[in-house]
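Here the structure of chain A is known, so what remains is to put chain B in place on it, guided by the hints.
Residue numbers (our numbering), protein chains in the order written: chain A, 1 to 352; chain B, 1001 to 1221.
There's no promise every hint is true.
Said to hold, decoys possible - Taking beta-carbon pairs under 7 Å as the criterion, some of the chain B residues facing chain A (in silico):
no.: 1; residue: T1006
no.: 2; residue: A1009
no.: 3; residue: N1018
no.: 4; residue: A1021
no.: 5; residue: L1023
no.: 6; residue: R1027
no.: 7; residue: R1098
no.: 8; residue: P1179
Don't read these hints as lab results, they were simulated from the structure. By construction, the Cβ of each residue, glycine as well, lies at the ideal position given by its N, Cα and C atoms.
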Amino acid sequence: MNREEAQRLADRIRLLRADLKVLETEGVLVLTAEQRASFDAWADSTTTQLAAKFDVDTSDSQRHLSWGLKIVSTLGGLAFCAALMLFFARYWGYFDTWVQVEVVSALPLVGLGLTEFAARRERTLYFAGLMALVSIAAFVLDLSTLGRVFNMIPTEGALLAWGVFSLLLAYRYGLRLPLAAGLGLLLAWAPAAISTRMGRRWLDFGDQPELWALGGLVVFAAPLVVPHRRNGDFPFVYRVMGVLAFLVPVLILSTSGYLSYLPGQDSVIERCYEVLGLASAAGAMALGIRKGWTETVNLGAAFFALFLFLRLHHWWWDWMPHYLFFTIIGVIAVGFVLVFLKLRAKAHEVAA
Amino acid sequence: MKSRMTLWAAAGVVVMVNALALLHAVRNRAGGPVQTVTLSERELSWYNTSEDSGVTLRLNWLHAHDQKPWIGEDSIRALGFNLDSDRNEANPWRAFRRQGRRRAYVAFELRRDGPREGSQLAPMDASREAASLLSKYRGRHDLVILPVSVMPYLREERTEDGRGGTGRRVVDLQFMDVPSEIHVPLPLAEQVRAMKPGRECEITLQYGRFFEPWVSAVRFR
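Just chain A, same shape as in the assembly:
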């Protein structure tokens, strides 16, 4: 059992307790004293074991505090990253080249050591998460400084190094933020590397939306190919990064066809990507509903609305009175609400 599964079990026990209370009050299900005592003993013992082994939240107030801790530790990590970079920038110029090189080369290893130390001392990994962010920042500072000291021409290789390092930290400690950072860096590296091989400027990786979209598909599909038994919360990150990395480039191509590798007129390419965007967003919603992936449904719905708005904007904005345009948008939204309500009722009948 991993921490995520333990938390889900703790949540189910808490909800079951609350439901039993309601059922007792309404006289639907009343346990005997013996049954109640047996259930309470089991629930208390299981919850205590889960809290002791996985440090899960066993009440609503604990859950809210945990969210607060995650936000604060992330902000704290980012603040330490900024402090590290600015502190180094302020004083590095007073040292010889080889002192500069030794200090920056050692920093990520020191960060890694502190992350490991924090992870062994504290099970909730809030401090380890903070130190992992600082370690990644230290590695970025390391390569940036080496590049600056020796006046190296920047290449895309640094993105690969930072991405791999972030992923290794993520998998070592089960941290989602370094995972997202690592996936983002690798998603940037792939189009940059392909651009370089094609003789183009690697910094134009942002202008290669089709390569980003391909990378997005790979990232989305990765957890389907590689099961994550230990880090059960990682597929969520892969799906979010994958959907964004696919649909944002498609959105860009639907308005800037000149960025496409496809031959043909820009306007034709833009219309094709608009249709692809609508179809993919709808597909993401359908897949998310089928698999129970809430984040995929939500992102799919948001992009579907965006693509639809863009299409209607192209058709009507120039000639239709703008108040009428937004009225029709509202009516379409109401129509979708009615359709989804009907689908929801149908799903409820099927389940019953």
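Coordinates of chain B only, in the frame set by chain A:
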């Protein structure tokens, strides 16, 4: 906690990448400089900030607004661009955009007929291969060849006096990503810090096989 393999792998990535970076720096300087050029305070400027104690020189070049483009269309075609496809594009900024920016090498020379103020370094030639430029301009110490990104663009041809346009469109070549920031290590950095505004100086830059420079001398006139 998972096995320590990922921990050692993370440490290994840091050690290996640092080693590769240092090896690259050593290889750049191995065999001596490929180019040497001496520039003045007009071509290399330095700005002091309290938040950054490092000394970084900034390479400046002449942004000429000549009548003619600084490079011919044949040379632009030799860089791999198709100049026939977008010549009639209504919006000149959209022309050639699909072809994207490409890597190339541009030769910058110190002009003797430049303006009295500002940098005298101006682009004068470009090629896909550095070797051809190095061979063509071998022995010249008033010239430096740098790796850049280039892209053609359409602009209006200027009149001879430079004040107006002729109505004709010409193809010119824009370049970017010029490696223009040059770190100065100790002890030369102390000399640069001592440089007061308006004081004339000469700074000698040497470039290695990867076109990555280092400062070899700073002299005040």
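Return the status of the interface hint for A1021 of chain B: holds when the least beta-carbon distance to chain A is below 7 Å, violated otherwise.
holds, 5 Å
Would you settle whether the hint for A1009 of chain B is holds or violated, based on the nearest Cβ-Cβ distance to chain A being less than 7 Å?
holds, 5 Å
Quick check on R1027 of chain B please, does its C-beta sit within 7 Å of some C-beta on chain A?
Not OK, violated: R1027 of chain B not within 7 Å of chain A, min 11 Å.
Double-check R1098 of chain B for me: the hint is only fine if its C-beta lies closer than 7 Å to a C-beta in chain A.
Hint on R1098 of chain B: holds, closest Cβ of chain A at ~5 Å, below 7 Å.
Status of the hint placing T1006 of chain B at chain A (closest C-beta pair under 7 Å)
holds, 4 Å
Quick one, is the N1018 of chain B hint okay against chain A at 7 Å, beta carbons?
holds, 5 Å
Hint check: 7 Å Cβ-Cβ cutoff, L1023 of chain B to chain A:
violated, 11 Å
Can P1179 of chain B be said to touch chain A, with a Cβ gap under 7 Å?
Because about 6 Å separates P1179 of chain B from the closest Cβ in chain A, which is inside the 7 Å limit, the hint holds.
Figure legend: structure checked against the earlier numbered hints; hints not met, in rising order: 5, 6.
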